[in-house]
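Can you make the complete structure from the sequences, with help from the hints?
Number of protein chains: 2
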Amino acid sequence: MSKPALRTHKTTELTTQHVEQVITINGWVQSRRDLGGLIFLNIRDISGQVQVVVHPETASEAFQIADQVRSEYVLSVTGQVALRTPETINQNMATGEIEIKASAIQVFSTAKTPPFQILDNIDVDETIRLKHRYVDLRRPKMQENLVLRHKAMQSVRRFLDRHEFLEIETPIMTKSTPEGARDYLVPSRVHAGEFYALPQSPQLFKQLCMVGGLDRYFQFARCFRDEDLRADRQPEFTQIDLEFSFIELEEFYQMMEEMFVTLLREVKGVEVAAPFERIPYAESMDRFGSDKPDLRFGMELINVGEVLADTEFKVFASTLASGGQVKAINVKGQAHWSRKEVDNWGKVAESLGAKGLAWLAWKPDGIKGSIAKALKEEEIVAIAKITGVEEGDLLFFVADKPSVVAATLGGIRARLGRELRLIDESKYHFAWITEFPMYEYDEDSAQFMPMHHAFTRPMDEDISLMETDPGKVRAVCYDLVLNGYELGSGSLRIYERELQEKIFASLGLSPEESKEKFGFLLEAFEYGVPPHGGIGLGFDRIVMILAGETNLREITAFPKTSNAVCLMTSAPSPVDGQQLDDLHIAVKMKEKGSQ
Amino acid sequence: MSKPALRTHKTTELTTQHVEQVITINGWVQSRRDLGGLIFLNIRDISGQVQVVVHPETASEAFQIADQVRSEYVLSVTGQVALRTPETINQNMATGEIEIKASAIQVFSTAKTPPFQILDNIDVDETIRLKHRYVDLRRPKMQENLVLRHKAMQSVRRFLDRHEFLEIETPIMTKSTPEGARDYLVPSRVHAGEFYALPQSPQLFKQLCMVGGLDRYFQFARCFRDEDLRADRQPEFTQIDLEFSFIELEEFYQMMEEMFVTLLREVKGVEVAAPFERIPYAESMDRFGSDKPDLRFGMELINVGEVLADTEFKVFASTLASGGQVKAINVKGQAHWSRKEVDNWGKVAESLGAKGLAWLAWKPDGIKGSIAKALKEEEIVAIAKITGVEEGDLLFFVADKPSVVAATLGGIRARLGRELRLIDESKYHFAWITEFPMYEYDEDSAQFMPMHHAFTRPMDEDISLMETDPGKVRAVCYDLVLNGYELGSGSLRIYERELQEKIFASLGLSPEESKEKFGFLLEAFEYGVPPHGGIGLGFDRIVMILAGETNLREITAFPKTSNAVCLMTSAPSPVDGQQLDDLHIAVKMKEKGSQ
Numbered sequence: 001m002s003k004p005a006l007r008t009h010k011t012t013e014l015t016t017q018h019v020e021q022v023i024t025i026n027g028w029v030q031s032r033r034d035l036g037g038l039i040f041l042n043i044r045d046i047s048g049q050v051q052v053v054v055h056p057e058t059a060s061e062a063f064q065i066a067d068q069v070r071s072e073y074v075l076s077v078t079g080q081v082a083l084r085t086p087e088t089i090n091q092n093m094a095t096g097e098i099e100i101k102a103s104a105i106q107v108f109s110t111a112k113t114p115p116f117q118i119l120d121n122i123d124v125d126e127t128i129r130l131k132h133r134y135v136d137l138r139r140p141k142m143q144e145n146l147v148l149r150h151k152a153m154q155s156v157r158r159f160l161d162r163h164e165f166l167e168i169e170t171p172i173m174t175k176s177t178p179e180g181a182r183d184y185l186v187p188s189r190v191h192a193g194e195f196y197a198l199p200q201s202p203q204l205f206k207q208l209c210m211v212g213g214l215d216r217y218f219q220f221a222r223c224f225r226d227e228d229l230r231a232d233r234q235p236e237f238t239q240i241d242l243e244f245s246f247i248e249l250e251e252f253y254q255m256m257e258e259m260f261v262t263l264l265r266e267v268k269g270v271e272v273a274a275p276f277e278r279i280p281y282a283e284s285m286d287r288f289g290s291d292k293p294d295l296r297f298g299m300e301l302i303n304v305g306e307v308l309a310d311t312e313f314k315v316f317a318s319t320l321a322s323g324g325q326v327k328a329i330n331v332k333g334q335a336h337w338s339r340k341e342v343d344n345w346g347k348v349a350e351s352l353g354a355k356g357l358a359w360l361a362w363k364p365d366g367i368k369g370s371i372a373k374a375l376k377e378e379e380i381v382a383i384a385k386i387t388g389v390e391e392g393d394l395l396f397f398v399a400d401k402p403s404v405v406a407a408t409l410g411g412i413r414a415r416l417g418r419e420l421r422l423i424d425e426s427k428y429h430f431a432w433i434t435e436f437p438m439y440e441y442d443e444d445s446a447q448f449m450p451m452h453h454a455f456t457r458p459m460d461e462d463i464s465l466m467e468t469d470p471g472k473v474r475a476v477c478y479d480l481v482l483n484g485y486e487l488g489s490g491s492l493r494i495y496e497r498e499l500q501e502k503i504f505a506s507l508g509l510s511p512e513e514s515k516e517k518f519g520f521l522l523e524a525f526e527y528g529v530p531p532h533g534g535i536g537l538g539f540d541r542i543v544m545i546l547a548g549e550t551n552l553r554e555i556t557a558f559p560k561t562s563n564a565v566c567l568m569t570s571a572p573s574p575v576d577g578q579q580l581d582d583l584h585i586a587v588k589m590k591e592k593g594s595q
Numbered sequence: 001m002s003k004p005a006l007r008t009h010k011t012t013e014l015t016t017q018h019v020e021q022v023i024t025i026n027g028w029v030q031s032r033r034d035l036g037g038l039i040f041l042n043i044r045d046i047s048g049q050v051q052v053v054v055h056p057e058t059a060s061e062a063f064q065i066a067d068q069v070r071s072e073y074v075l076s077v078t079g080q081v082a083l084r085t086p087e088t089i090n091q092n093m094a095t096g097e098i099e100i101k102a103s104a105i106q107v108f109s110t111a112k113t114p115p116f117q118i119l120d121n122i123d124v125d126e127t128i129r130l131k132h133r134y135v136d137l138r139r140p141k142m143q144e145n146l147v148l149r150h151k152a153m154q155s156v157r158r159f160l161d162r163h164e165f166l167e168i169e170t171p172i173m174t175k176s177t178p179e180g181a182r183d184y185l186v187p188s189r190v191h192a193g194e195f196y197a198l199p200q201s202p203q204l205f206k207q208l209c210m211v212g213g214l215d216r217y218f219q220f221a222r223c224f225r226d227e228d229l230r231a232d233r234q235p236e237f238t239q240i241d242l243e244f245s246f247i248e249l250e251e252f253y254q255m256m257e258e259m260f261v262t263l264l265r266e267v268k269g270v271e272v273a274a275p276f277e278r279i280p281y282a283e284s285m286d287r288f289g290s291d292k293p294d295l296r297f298g299m300e301l302i303n304v305g306e307v308l309a310d311t312e313f314k315v316f317a318s319t320l321a322s323g324g325q326v327k328a329i330n331v332k333g334q335a336h337w338s339r340k341e342v343d344n345w346g347k348v349a350e351s352l353g354a355k356g357l358a359w360l361a362w363k364p365d366g367i368k369g370s371i372a373k374a375l376k377e378e379e380i381v382a383i384a385k386i387t388g389v390e391e392g393d394l395l396f397f398v399a400d401k402p403s404v405v406a407a408t409l410g411g412i413r414a415r416l417g418r419e420l421r422l423i424d425e426s427k428y429h430f431a432w433i434t435e436f437p438m439y440e441y442d443e444d445s446a447q448f449m450p451m452h453h454a455f456t457r458p459m460d461e462d463i464s465l466m467e468t469d470p471g472k473v474r475a476v477c478y479d480l481v482l483n484g485y486e487l488g489s490g491s492l493r494i495y496e497r498e499l500q501e502k503i504f505a506s507l508g509l510s511p512e513e514s515k516e517k518f519g520f521l522l523e524a525f526e527y528g529v530p531p532h533g534g535i536g537l538g539f540d541r542i543v544m545i546l547a548g549e550t551n552l553r554e555i556t557a558f559p560k561t562s563n564a565v566c567l568m569t570s571a572p573s574p575v576d577g578q579q580l581d582d583l584h585i586a587v588k589m590k591e592k593g594s595q
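These protein sequence lines map, in sequence, to chains D and R.
The numbering of the first sequence is UniProt numbering, which starts it at 1 and goes up by one.
The numbering of the second sequence is UniProt numbering, which starts it at 1 and goes up by one.
A portion of the hints provided could be inaccurate.
The list makes no distinction among identical chains, and a pair is therefore deemed to hold if it is satisfied within one copy or across any two copies.
As the list claims (entries may be wrong) - Below, simulated DSS-like cross-link-like pairs (lysine-lysine); rule was C-alpha separation at most 30 Å, straight line:
| id | residue 1 | residue 2 |
| --- | --- | --- |
| 1 | Lys373 | Lys347 |
| 2 | Lys588 | Lys517 |
| 3 | Lys472 | Lys427 |
| 4 | Lys502 | Lys101 |
| 5 | Lys3 | Lys502 |
| 6 | Lys112 | Lys517 |
| 7 | Lys268 | Lys363 |
| 8 | Lys376 | Lys340 |
| 9 | Lys502 | Lys131 |
| 10 | Lys3 | Lys515 |
| 11 | Lys376 | Lys588 |
| 12 | Lys515 | Lys131 |
Hints are computed from structural coordinates only; laboratory data are not their basis.
Predicted model, so just to flag it, every value in this text is computed and none were measured.
As structure tokens, then:
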């Protein structure tokens with residue numbers, strides 16, 4: 001048997017322009033139908049599909065082969081491109097105006113019945129899809145997502161190349177850090193008892209690139225974190241990692257905005273407006289109860305505490321007296337919700353940490369709700385005024401300490417946005433969240449800890465507060481958020497030794513302790529450091545949002561489950577005892593009952 | 001103190017066009033000289049250097065700062081660009097026609113005296129350079145190499161993007177393979193006693209991408225191999241990894257040639273001729289004693305056995321009688337070498353595996369040499385004829401089995417090429433080595449083993465030899481070589497189940513054994529496989545050659561030593577016992593005396 005012919009065209013390259021030409025296509029059998037004595041095959045390749053028709057008389061050998069063919073066989077089909085008759089034109093198919101009249105069919109490869117059909121939106125258990133990922137990758141949406149991912153990578157790389165960032169590969173096998181509880185470790189064969197660690201991010205290396213005078217660095221950095229996984233986490237992930245020297249923060253913001261404007265234009269054909277909104281952290285928490293607000297809809301948190309300063313309603317009064325807040329959101333037009341619906345949101349509030357969710361509904365027959373009787377009429381009037389409530393609206397209230405109010409009302413707002421379809425899904429609303437606190441107070445250790453990391457610059461105007469009121473010090477730290485997701489976090493770094501020592505002291509670290517903790521980076525910082533800063537952007541998450549997906553597995557070619565397992569290869573797996581001996585380690589199972 | 005001013009220009013952006021303009025530069029102090037009451041500073045940034053002159057009277061504050069400044073301080077210098085006087089122009093400096101008359105100098109960061117000067121070609125121990133890599137990265141040649149690496153990456157990516165290859169990231173944490181003795185392992189926290197492995201190459205994943213219909217795949221793949229290291233090996237390395245479906249091998253060759261032609265043009269400004277030479281493996285071994293010949297010079301191996309068929313010289317006669325070879329190389333013009341020099345090459349031959357190195361020298365006073373008396377005059381005449389020897393030339397001979405002759409004379413040829421400076425270092429001579437043997441005979445296990453891997457296609461015309469004479473079967477396997485280095489290896493793969501089963505049988509594998517060994521790839525191959533093939537190219541090695549370096553550490557930002565240690569971060573290192581407990585492993589040192 002001679003070798004099957006290789007393609008002259010991809011399936012969707014064929015158009016009415018090719019009619020009467022003899023061409024060859026290669027691909028998988030998407031479907032086969034026998035109709036009126038003819039065999040119809042839909043052939044699928046990376047570009048799409050085309051219909052092949054096989055006639056028993058004019059192509060008897062091809063017909064005999066086609067008769068044996070089943071789904072997912074890989075074929076070479078040679079034939080003449082022909083116009084379809086008007087009544088058989090398929091408007092839902094890119095090649096729906098033509099078909100191929102097969103003259104020869106050859107089989108590259110047969111196929112067992114696949115574990116599921118190659119169709120989008122079919123209802124198939126994800127574990128089956130992941131186990132047979134090589135079949136799942138044939139789904140058009142999966143391929144579209146990977147093409148999008150490819151295009152996004154090229155777009156960002158081209159942009160950064162134009163802006164003189166150097167793509168520099170940093171090590172994957174590196175040193176475990178003192179806070180490395182979530183490090184993946186790699187035992188060394190040569191150095192018995194010693195381990196490499198996979199990087200949680202190339203933070204130290206990129207700062208060292210700046211100390212090394214490389215000016216501008218970037219990398220699509222593979223990062224690793226051994227922690228419990230969620231739909232938007234994978235044990236290994238890719239970060240657009242950047243660092244730059246000698247640059248104004250303002251110029252950097254503009255550059256990143258232009259990068260995303262270009263990305264959206266090149267891969268989605270969407271124009272996004274720049275500059276992006278900038279919202280200080282405190283304002284974002286105040287208005288949206290979140291440091292990654294979805295800005296595609298309103299429903300902002302309204303502080304009703306100020307009109308309730310003298311309330312006699314005990315819950316509110318005691319909260320306000322103890323430094324807490326009372327805030328509300330206006331659920332427009334939902335006054336008609338049943339008690340059960342409202343109660344369900346109460347449960348959501350409790351799951352988010354609140355003690356309860358109070359409510360008032362402006363119904364046609366008057367103002368009802370859990371606190372309608374507890375508040376005075378003038379208080380309700382004042383509330384109505386500052387919340388802008390109208391007939392038909394529903395107000396939700398939470399009274400608690402500020403962090404709980406934010407988490408609860410922010411969380412409810414985000415869910416309501418989705419469930420009430422308040423969101424224009426075609427929109428991409430970026431914002432910078434700025435002026436993050438430098439420190440957060442750790443109640444366990446009763447001391448301040450860096451919120452970002454210990455090399456983040458404090459804002460110049462707040463440096464004087466470092467000793468007197470550390471909780472008020474803001475950092476030159478910025479998050480980029482999009483549609484309710486945090487895309488990434490960055491900061492300007494400290495480059496002056498005195499300031500760095502001050503920060504360490506404020507964290508309660510002696511010079512010896514800081515040396516032990518930050519070792520070679522600190523040493524490097526003794527040899528001349530440029531002013532520098534950078535950002536790390538979650539590339540997987542960016543692609544997920546651009547693809548309109550909500551799960552990273554849909555934009556990752558070979559993902560792991562939430563249990564960090566690759567179902568296709570069965571990794572991780574037990575290994576040979578000899579291999580472990582060579583690495584100077586032994587498996588040590590915990591005894592049952594011990595912790 | 002106000003913040004230092006950020007740059008308006010990089011140093012080498014300044015030209016005579018900027019004379020009289022007031023500009024600001026930022027960078028490191030390369031050198032400081034005090035001359036005639038003035039202070040001269042050379043300031044270095046990523047682009048190069050420029051001279052700053054500080055006058056004690058016109059800029060007294062700047063002068064006071066400059067007076068404190070030492071090497072590697074990071075400064076901001078503001079001043080007016082001025083023409084140098086004709087006698088002070090420095091032709092060796094890109095900015096040698098101008099200087100900056102400083103009006104203000106501000107210090108971003110002070111610096112300790114660096115462990116070595118920031119100059120190329122200084123004699124400093126490599127361990128010091130690696131320990132202080134962030135200082136070493138400031139050397140102009142190091143930066144030039146990393147810029148070259150960046151440019152090479154972008155050039156290759158753009159090319160592959162244009163040719164519709166999709167950049168797809170495959171997992172770093174994957175499954176250990178049965179032959180995984182050189183795998184780096186990663187213990188799992190969630191799955192006690194189980195391990196991931198870092199990939200030696202993404203071979204299986206890229207073939208699965210093809211089974212998944214992704215058509216064309218590429219990746220700058222990070223690969224890991226736990227083996228003894230050499231100057232051109234690192235424990236982690238980067239591979240330009242490609243795989244394609246439905247394509248003629250001829251088209252693929254052309255595509256790769258165009259990729260390298262484009263690369264050389266874009267990053268070196270060099271035009272390389274295509275198509276590249278194609279040399280079958282057997283011919284390459286015959287002519288050059290190597291499957292990665294340096295083709296920039298001749299000195300081919302000449303088979304002199306054919307004119308010695310009836311020789312009475314016992315060493316040659318017995319070698320030929322037992323199926324061995326007698327070959328020579330002509331070391332043009334070196335008949336004058338001393339006995340000691342010739343003996344040294346004899347030692348090289350022995351270190352490469354030969355029992356000895358015979359020689360004949362065409363000296364002005366006659367033909368001398370170790371075998372001058374052992375051979376008959378007509379034999380020497382015949383040898384002179386087929387080797388084309390002339391007066392003044394020296395012939396080296398090795399008689400042994402073919403593999404030893406090739407290794408020895410091939411090795412001597414390569415060294416002579418370098419030592420006699422026969423090589424035009426400005427040339428890039430590519431070639432494809434083709435028609436590799438499918439199998440090599442493993443004397444230990446007394447069976448044939450795949451030379452490339454078990455999925456490599458045999459050449460169609462040799463399939464019939466698989467059962468009768470497996471040693472003669474050639475594979476559709478190709479190496480790309482450049483200047484004596486192998487850049488990478490590829491092959492067309494088997495996609496027909498029957499042929500695959502035949503190969504497994506020829507390797508002595510039962511269906512059960514092959515299933516155990518190749519598991520999920522074999523399973524995937526049951527669901528419809530396109531014809532496909534690919535290549536993996538050593539990116540680090542390519543950059544090393546383009547940079548004119550002979551050590552990978554010169555083109556790697558943060559390399560490891562030949563002992564797989566990062567001297568800067570001290571990785572690998574011991575870790576916390578709690579971390580090991582969490583990973584269900586314990587360190588198990590070998591007892592002294594045990595093996």
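Consistency of the hints with the structure:
no., hint, verdict
1, Lys373 to Lys347, "within (22 Å within a copy, 104 Å between copies)"
2, Lys588 to Lys517, "both (29 Å within a copy, 27 Å between copies)"
3, Lys472 to Lys427, "neither (35 Å within a copy, 64 Å between copies)"
4, Lys502 to Lys101, "neither (79 Å within a copy, 36 Å between copies)"
5, Lys3 to Lys502, "between (74 Å within a copy, 18 Å between copies)"
6, Lys112 to Lys517, "between (57 Å within a copy, 21 Å between copies)"
7, Lys268 to Lys363, "neither (43 Å within a copy, 76 Å between copies)"
8, Lys376 to Lys340, "within (26 Å within a copy, 112 Å between copies)"
9, Lys502 to Lys131, "between (53 Å within a copy, 27 Å between copies)"
10, Lys3 to Lys515, "between (67 Å within a copy, 27 Å between copies)"
11, Lys376 to Lys588, "neither (66 Å within a copy, 73 Å between copies)"
12, Lys515 to Lys131, "between (47 Å within a copy, 16 Å between copies)"
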